[in-house]
Structure formats: structure tokens, C-alpha cells
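S.K.: Full structure from sequences and hints, please.
Protein sequences, first through last, are from chains A and B.
When we follow the working numbering, the leftmost residue of the first sequence carries the number 1, and every step to the right adds one.
When we follow the working numbering, the leftmost residue of the second sequence carries the number 1, and every step to the right adds one.
There may be inaccurate statements among the hints.
With a cut-off of at most 30 Å between alpha-carbon atoms, the simulated DSSO-like pairs for lysine-lysine come out as follows [claimed, not checked]:
#, chain 1, residue 1, chain 2, residue 2
1, B, 254, A, 5
2, A, 43, B, 250
3, B, 254, A, 49
4, B, 3, A, 84
5, A, 40, B, 3
6, B, 191, B, 227
7, A, 84, B, 86
8, A, 49, B, 195
9, B, 37, A, 9
10, B, 292, B, 3
11, A, 84, B, 292
12, B, 250, B, 227
13, A, 43, B, 227
14, B, 292, B, 254
15, A, 49, B, 253
16, A, 43, B, 3
17, B, 37, A, 49
18, B, 254, B, 195
19, A, 84, A, 43
20, B, 250, A, 49
21, B, 37, A, 84
22, B, 37, A, 43
23, B, 191, A, 43
24, B, 3, A, 49
25, A, 9, B, 254
26, B, 253, B, 195
27, A, 84, B, 253
28, A, 23, B, 37
29, B, 227, A, 84
30, B, 191, A, 49
31, A, 40, B, 227
32, B, 3, B, 227
33, A, 49, B, 227
Just so you know, these hints were derived from the structure itself, not from any lab.
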Amino acid sequence: MTTRKAAHKDLPRMPITTIPSTKVVTGFWRTFRPTLDESKCIKCRICWKFCPDVSISMTDDSFPAFDYEHCKGCGICANECPRKAIIMVMEE
Amino acid sequence: MAKATIPEEELMLSGHVGCLGCGATLTMRYVLKALGKNTVISVPACCWAVMPGPYPLRCLEIPMLYNAFETTGASISGLRAAYDMKGRPDINVLGFAGDGGTADIGIQSLSGAVERGDNVFYVMYDNEAYMNTGVQRSSSTPYGAWTTTTPGGTTGDWKRQPKKNMMEIMVAHRIPYAATASVAYPEDMVKKLRKGIDVRGPKFYHIYAPCPTGWRLSPDKTIEISKLATDSCIFPIYEVENGIYTINRKPAKKVPVRDYLRLQGRFRHLGEEELNRIQEAVDWDWKLLLRKEEFMKDM
Ligand SMILES: Cc1ncc(C[n+]2csc(CCOP(=O)(O)OP(=O)(O)O)c2C)c(N)n1
Ligand code: SF4
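M.R.: Shown next as C-alpha cells:
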């Protein structure tokens with residue numbers, strides 16, 4: 001009987017992480033909630049660009065929309081907004 | 001209404017466990033926007049190793065491999081060799097490590113990979129201490145800083161040594177491409193990573209990534225402090241291509257370095273004398289960099 005040497009194909013499959021972190025709610029961390037004053041917003045996308053939690057979605061001609069399930073309330077968006085259109089409000 | 005100035009595609013997901021205002025996560029977000037889906041990443045022990053949360057969670061849309069703390073350089077060399085063997089030279093192989101994992105514990109494996117000339121990307125996200133284990137000093141912690149192992153207080157035992165210059169160490173390897181970048185200038189960062197795709201050989205990126213938690217900084221100030229770092233010339237934005245220096249951002253008016261230090265609790269203990277000494281050191285380094293750029297122009 002011929003024996004075959006074990007090859008990489010015989011290795012068990014690596015533990016591969018499958019569940020996207022979007023399933024985790026990090027919005028509970030928040031102390032201050034970003035809110036938008038649409039009358040001031042010029043849709044420049046600066047808030048979107050600097051969000052470390054990928055929690056602002058917008059297109060070239062939409063207003064920014066906050067994802068309150070994941071936004072941790074760091075306040076970078078409000079600090080960087082050139083028109084001061086984002087106001088941080090204390091959570092209830 | 002304005003067009004997006006960086007790619008729209010998001011390869012980093014929300015729901016990661018980075019702290020409020022974390023610069024390390026912004027770095028990952030921009031780096032992956034630049035390199036795209038055709039990328040494999042290798043990460044040692046650091047904040048980024050825990051970002052996805054517990055198994056089986058993931059927060060990247062690309063394969064992320066974990067390696068031992070000191071082995072990022074070796075692991076990307078191995079990944080590169082494997083992909084080349086499989087006929088996939090088009091895959092971007094990226095090592096992504098903190099400053100502790102790069103400037104201290106991983107420096108020999110990085111040096112090996114760069115000396116061998118392996119066709120890999122290496123990002124050192126610099127939050128200027130060992131943050132994941134609770135703010136211990138690294139060789140990349142700047143002079144004057146408080147950390148839990150340079151506690152200051154009545155003994156005045158804050159960090160007395162200057163920051164290690166990783167860019168110069170890489171340039172000494174005759175690396176084909178090395179650049180600094182900052183989370184304050186994502187367009188510049190994306191451009192530099194895209195440039196690296198066409199460079200065969202090792203590419204090193206020293207990226208300024210504030211850690212509000214460890215710097216005792218308000219989390220909304222991550223971008224503001226990064227701009228001040230570059231405007232005060234304490235963290236200049238430049239690139240070195242085959243030994244030729246180019247400074248990418250020259251502040252029109254240099255901000256006093258104390259304006260940068262004063263926003264951060266980790267420098268609160270510094271008095272007039274130390275502030276002046278830091279200003280002198282920053283001025284010296286900036287002058288040296290300007291001279292290098294000037295000198296290399298005719299090479
Ligand atoms: C060989 C080894 N020593 C120590 C540790 C413990 N450890 C895990 S993460 C970490 C800090 C990493 O610091 P850095 O590389 O600066 O990245 P950051 O956490 O700041 O993102 C340490 C010391 C380890 N995992 N392996
Ligand atoms: S400790 Fe610092 S680097 Fe680590 S996740 Fe928190 S903010 Fe980011």
C-alpha cells in the first residue's frame with residue numbers, strides 16, 4: 001500500500017471569522033448624540049470622511065445620515081464640520 | 001455639495017471595539033480604501049488585533065491574519081512568497097502594526113523583510129505607546145510624555161528620551177519607498193498607498209494615529225491634534241523615494257509646539273524650560289529635513 005505524504009490541503013480549515021461586526025451594537029457607548037442642522041449643512045462630506053466608526057452615510061448630494069446603532073459619540077464630526085452644522089446633544 | 005475626496009468603498013466595518021475617536025481605526029479605514037479588496041493583512045498583538053471583538057466576529061472585508069508580536073515582517077515575507085508561488089503577484093500583502101510592534105519588538109523581522117527587498121506594504125500606525133496593554137512607553141513615545149511606565153508625578157519621571165526615527169532607519173535600508181502620513185490628511189495617505197502599488201519592493205508608511213485614551217485627549221480632537229502636529233512640524237508629512245526626500249506639506253506659518261502639547265493631558269506636567277527644549281528639538285529636526293530635501297534636489 002502506498003502512503004501519501006500529508007499536504008497543506010489535508011490541514012483542517014482555519015477558524016475563519018464569519019460574523020460581521022455590524023451585528024454588534026456600539027451605540028450604547030454614547031454619551032453625546034450628533035444631530036444635524038440641515039439649514040447649515042453644505043454637504044461637504046468632511047464629517048463622513050473623518051468618522052472612525054463608519055457611522056455616517058451620505059452620497060455627493062445627500063445630507064449625512066447618522067447610524068445611531070454604531071456611532072459612539074466621539075464628536076469628531078461636530079468638531080471638524082466647517083459650518084458647525086452638527087450639534088452634540090446629551091443622551092437622555 | 002461636494003464630491004468624495006477619498007474612495008467610497010468601505011472595507012472596514014462599524015461595530016469594531018476601538019475607543020471613541022481612535023486614530024488607529026481611521027488609519028485602517030483609509031489604508032484599505034487605497035489598497036482595495038485585493039489585499040491580505042497581517043496583524044500582530046496590538047489594538048488592531050482586538051478591534052473585531054471576540055470570535056467569530058470580523059470587522060474587515062478582507063482576510064486578516066494574526067501573527068506573533070515580533071513577527072509581522074517575517075509573516076508578510078511568507079505571505080508574499082506564497083502568493084507569488086500561487087501565481088498571484090497582484091495581491092497586496094500588508095503588515096499593519098503599532099509603534100511598539102514596529103519600532104521595538106518587531107524591528108528585526110521588519111529589517112529582514114526590507115533588506116530582502118520583499119514586495120510588501122508595511123504600515124506602522126503610531127499612537128506613540130503600547131496602548132492595548134494600557135499605555136506603556138515605547139521607543140516611539142515622544143520626549144516629555146507621561147505614560148504608565150513613565151509616570152512623572154513627584155519623581156518627575158516622564159519620558160526623557162527622544163522619539164525613535166523609524167523613517168531614517170528605513171531609509172538606511174535603501175528602501176525604495178517610505179512615507180509619513182496622518183489621519184488628518186486622508187487624501188495624501190490614499191495617494192501614497194496607491195503609489196506603492198506600482199513600486200516593486202518594500203514600502204514603509206509611518207502613520208500618525210492619535211489615541212485619545214492614552215494621550216489624555218478629548219476624543220473629538222483626533223483630527224484637530226493631527227493637524228497641529230503637522231502645522232507645528234513635530235510630525236512632518238514627507239516621502240523618500242529611492243533616497244530622494246520630498247516634503248508634502250509645508251506649513252505657511254509654523255504653530256508653536258506648545259499649542260500642540262497643551263491640548264494633551266500626557267504633557268500637562270511640562271514647564272517652561274521643557275517646552276522650550278522641545279521647541280528647539282522640533283526646530284532642529286525640521287531644519288534638517290528641509291536641508292535634506294534641498295540637498296537631494298540635484299542628486
Ligand atoms: C511577545 C509578546 N509580548 C507582549 C505581549 C502583550 N501585548 C499585547 S498588545 C501589546 C501592546 C502593543 O503595542 P503597540 O504595538 O504599540 O500597538 P497598540 O496597542 O498601541 O495599538 C502588548 C505589550 C504579547 N502579546 N506578545
Ligand atoms: S487604546 Fe487608543 S489606539 Fe487603542 S483602540 Fe483605544 S483609542 Fe484606539
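S.K.: For each hint, tell me whether it holds in the structure or not.
M.R.: Hint-by-hint comparison with the structure:
1. B:254 <-> A:5: violated (66 Å)
2. A:43 <-> B:250: Distance ~28 Å between residue 43 of chain A and residue 250 of chain B Cα, so the pair holds.
3. B:254 <-> A:49: This hinted pair holds, its Cα atoms lying about 26 Å apart.
4. B:3 <-> A:84: holds (20 Å)
5. A:40 <-> B:3: holds (18 Å)
6. B:191 <-> B:227: Satisfied, since the Cα-Cα distance of roughly 18 Å is no more than 30 Å.
7. A:84 <-> B:86: It is violated: about 52 Å lies between the C-alpha atoms, which goes past 30 Å.
8. A:49 <-> B:195: OK: residue 49 of chain A and residue 195 of chain B at ~21 Å, within 30 Å.
9. B:37 <-> A:9: holds (25 Å)
10. B:292 <-> B:3: Violated: residue 292 of chain B and residue 3 of chain B sit about 36 Å apart, past 30 Å.
11. A:84 <-> B:292: violated (40 Å)
12. B:250 <-> B:227: It holds: about 12 Å lies between the C-alpha atoms, which stays within 30 Å.
13. A:43 <-> B:227: holds (22 Å)
14. B:292 <-> B:254: holds (19 Å)
15. A:49 <-> B:253: Holds, because 26 Å separates the two Cα atoms, which is no more than 30 Å.
16. A:43 <-> B:3: Holds. Residue 43 of chain A to residue 3 of chain B sits at ~9 Å (cutoff 30 Å).
17. B:37 <-> A:49: It holds: about 19 Å lies between the C-alpha atoms, which stays within 30 Å.
18. B:254 <-> B:195: Holds, at roughly 28 Å.
19. A:84 <-> A:43: Answer holds: residue 84 of chain A to residue 43 of chain A is near 12 Å, not above 30 Å.
20. B:250 <-> A:49: holds (23 Å)
21. B:37 <-> A:84: violated (35 Å)
22. B:37 <-> A:43: holds (28 Å)
23. B:191 <-> A:43: Measuring from Cα to Cα gives roughly 23 Å; hence the hint holds.
24. B:3 <-> A:49: holds (11 Å)
25. A:9 <-> B:254: Given that 30 Å is the threshold and the Cα spacing comes to 58 Å, the pair is violated.
26. B:253 <-> B:195: holds (29 Å)
27. A:84 <-> B:253: holds (25 Å)
28. A:23 <-> B:37: holds (21 Å)
29. B:227 <-> A:84: holds (18 Å)
30. B:191 <-> A:49: holds (15 Å)
31. A:40 <-> B:227: holds (24 Å)
32. B:3 <-> B:227: holds (22 Å)
33. A:49 <-> B:227: holds (15 Å)
When each numbered hint is compared with the structure, violations occur for hints 1, 7, 10, 11, 21, 25.
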